[in-house]
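2 protein chains.
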Amino acid sequence: MLKLLKSHVSVRKYKDEPVSDETLHELIAAAQAAASSHFVQAYSIVDVTDPDKRDQLAELSKNPVQIKGAARALVFCADLKRLDYAAAKHGKTVEAGTTENFMVAVIDTALLAQNFVVAAESQGYGICYIGGVRNNPEPISRLLGLPDHVIPLFGLTFGVPAQTNEVKPRLPVEAILHTNEYDETKYETLLDDYDETMRQYYASRSSNNKAAGWTEGMADYLSEPRRAYMRDFVRSKGFLQT
Amino acid sequence: MLKLLKSHVSVRKYKDEPVSDETLHELIAAAQAAASSHFVQAYSIVDVTDPDKRDQLAELSKNPVQIKGAARALVFCADLKRLDYAAAKHGKTVEAGTTENFMVAVIDTALLAQNFVVAAESQGYGICYIGGVRNNPEPISRLLGLPDHVIPLFGLTFGVPAQTNEVKPRLPVEAILHTNEYDETKYETLLDDYDETMRQYYASRSSNNKAAGWTEGMADYLSEPRRAYMRDFVRSKGFLQT
Numbered sequence: 001m002l003k004l005l006k007s008h009v010s011v012r013k014y015k016d017e018p019v020s021d022e023t024l025h026e027l028i029a030a031a032q033a034a035a036s037s038h039f040v041q042a043y044s045i046v047d048v049t050d051p052d053k054r055d056q057l058a059e060l061s062k063n064p065v066q067i068k069g070a071a072r073a074l075v076f077c078a079d080l081k082r083l084d085y086a087a088a089k090h091g092k093t094v095e096a097g098t099t100e101n102f103m104v105a106v107i108d109t110a111l112l113a114q115n116f117v118v119a120a121e122s123q124g125y126g127i128c129y130i131g132g133v134r135n136n137p138e139p140i141s142r143l144l145g146l147p148d149h150v151i152p153l154f155g156l157t158f159g160v161p162a163q164t165n166e167v168k169p170r171l172p173v174e175a176i177l178h179t180n181e182y183d184e185t186k187y188e189t190l191l192d193d194y195d196e197t198m199r200q201y202y203a204s205r206s207s208n209n210k211a212a213g214w215t216e217g218m219a220d221y222l223s224e225p226r227r228a229y230m231r232d233f234v235r236s237k238g239f240l241q242t
Numbered sequence: 001m002l003k004l005l006k007s008h009v010s011v012r013k014y015k016d017e018p019v020s021d022e023t024l025h026e027l028i029a030a031a032q033a034a035a036s037s038h039f040v041q042a043y044s045i046v047d048v049t050d051p052d053k054r055d056q057l058a059e060l061s062k063n064p065v066q067i068k069g070a071a072r073a074l075v076f077c078a079d080l081k082r083l084d085y086a087a088a089k090h091g092k093t094v095e096a097g098t099t100e101n102f103m104v105a106v107i108d109t110a111l112l113a114q115n116f117v118v119a120a121e122s123q124g125y126g127i128c129y130i131g132g133v134r135n136n137p138e139p140i141s142r143l144l145g146l147p148d149h150v151i152p153l154f155g156l157t158f159g160v161p162a163q164t165n166e167v168k169p170r171l172p173v174e175a176i177l178h179t180n181e182y183d184e185t186k187y188e189t190l191l192d193d194y195d196e197t198m199r200q201y202y203a204s205r206s207s208n209n210k211a212a213g214w215t216e217g218m219a220d221y222l223s224e225p226r227r228a229y230m231r232d233f234v235r236s237k238g239f240l241q242t
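Protein sequence lines, in the order shown, are assigned to chains B and F. Final position of the first sequence in UniProt numbering is 242; the numbers increase by one with none missing. Final position of the second sequence in UniProt numbering is 242; the numbers increase by one with none missing.
For the record, the hints were derived by calculation from the structure and aren't laboratory data. There may be inaccurate statements among the hints.
Label-pair distances were calculated between CB atoms; the ranges are [said to hold, decoys possible]:
| id | chain 1 | residue 1 | chain 2 | residue 2 | range |
| --- | --- | --- | --- | --- | --- |
| 1 | F | V173 | B | E181 | 39 to 47 angstroms |
| 2 | B | D193 | F | D192 | 38 to 46 angstroms |
| 3 | B | S236 | F | V173 | 27 to 35 angstroms |
Here are the computed lysine-lysine pairs in the DSSO-like style, where the Cα-Cα straight-line distance is at most 30 angstroms [what the hints assert, rightly or not]:
| id | chain 1 | residue 1 | chain 2 | residue 2 |
| --- | --- | --- | --- | --- |
| 4 | B | K186 | F | K89 |
| 5 | B | K15 | B | K62 |
| 6 | B | K6 | F | K6 |
Here chain B is said to cover these stretches of chain F; the calculated rule only asks that three of the stretch's residues, wherever they fall, bring their Cβ under 8 angstroms from a Cβ of chain B [as the list claims (entries may be wrong)]:
| id | stretch |
| --- | --- |
| 7 | 49-58 |
| 8 | 156-165 |
| 9 | 202-208 |
Just so it is clear, the structure is predicted and the values come from calculations on it, not from any experiment. Every residue, glycine too, gets a C-beta built ideally from N, C-alpha and C.
Let the sequences and hints guide you as you build the complete structure.
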């Protein structure tokens, strides 16, 4: 089992083999066994099967290859809408706009998704998270008819792998694990070591070679504000009001 | 494997058996194999072993039984601080304050945590997520010395289970899965059915019996604003500025 987890890689090319509705349902049922904050189950999944919608999702996400080529393309959504219905049954209203409830819905959805990934990989499928659905969240919300209190967090493509990448070395455990007290003094040395590890990995891998460490890529990537519209989008859907 | 996932329950009582550092490291290494948005790995884990700190964490989280009784008590944190160091190595600054980067860090941390849970459960351990660390995020941040750009999202206790609860029925798959278009018309009927399922479950389970469905509990829980300080706290740590 630890071996299965440690063998995870993003799979971007899939064989032309379908995944049945039955299998999809089975994997989702297993995924739903993940913990949920106060059992709110604040998530939905949209399964995009319509070819035209799939094409549009692919373009809007700027991930055409994975999304068009996968057996299934799912969009995982943080969802407080279903809870609106639950509350209305008892004459009440959900306080969807708090930062706390936004966090609850995002975390719930991510736990569901990761359980789905483990379930799918345990059955021989490969997956790829598609953060690209946040490239055009408003048009994608319209495409999928998402109401207020529902936002697309990420996509997930899956199918039978046609090509598998090498596993990328992660940060050393010591760099993410602190004992009793957060210790940032260790980063200087550990990040130098990790840069060296990643440089060797990037130089030696069979495709997409490059000569860079981890910190360099992070510095380039994170120093520019990305998706600066996100706050307005999230707020337009009724989240993060207070 | 699907069977393992579907057997998940929160474990709140643990045997008095330690978990070695070696095991903890092994589980974290497996957890880290989870996908990470653009490989930012925006998370940290604080392992609270000091008895005094553990007691304080237990009180501040309002979860004394689990936290004091578990072999290990971990706090999972969304963390852009390490990336500050990575960027600084190249004379750059991370745009930590965007809503997008907040979401990236929260999702990354949740994926890590759920992979950790699967890893731990596959080795016979039981776990419990402790959302209660968000009851007092500011004092807990001080207790653990969390700097800016690091916030505690949830705790996780784990150890050898002393008592295992029954698995709670989840929403039916049809209630969370939409095809091509979000369909809220189905909720009325599906939530009635699910209420009936949950009523039977709560009435028949061996402890903590109650006579209520799911929607009723949700209506009560979510109609009151919870943790209304969360936005200020998150912003005070440098997140959600824009």
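Right, here's what the structure says about each hint:
| no. | hint | result |
| --- | --- | --- |
| 1 | F:V173 to B:E181: 39 to 47 angstroms | holds (43 angstroms) |
| 2 | B:D193 to F:D192: 38 to 46 angstroms | violated (57 angstroms) |
| 3 | B:S236 to F:V173: 27 to 35 angstroms | holds (29 angstroms) |
| 4 | B:K186 to F:K89 | holds (14 angstroms) |
| 5 | B:K15 to B:K62 | holds (21 angstroms) |
| 6 | B:K6 to F:K6 | holds (21 angstroms) |
| 7 | 49-58 | holds (count 3) |
| 8 | 156-165 | violated (count 0) |
| 9 | 202-208 | violated (count 0) |
When the structure is compared with the earlier hints, violations turn up for hints 2, 8, 9 and for no others.
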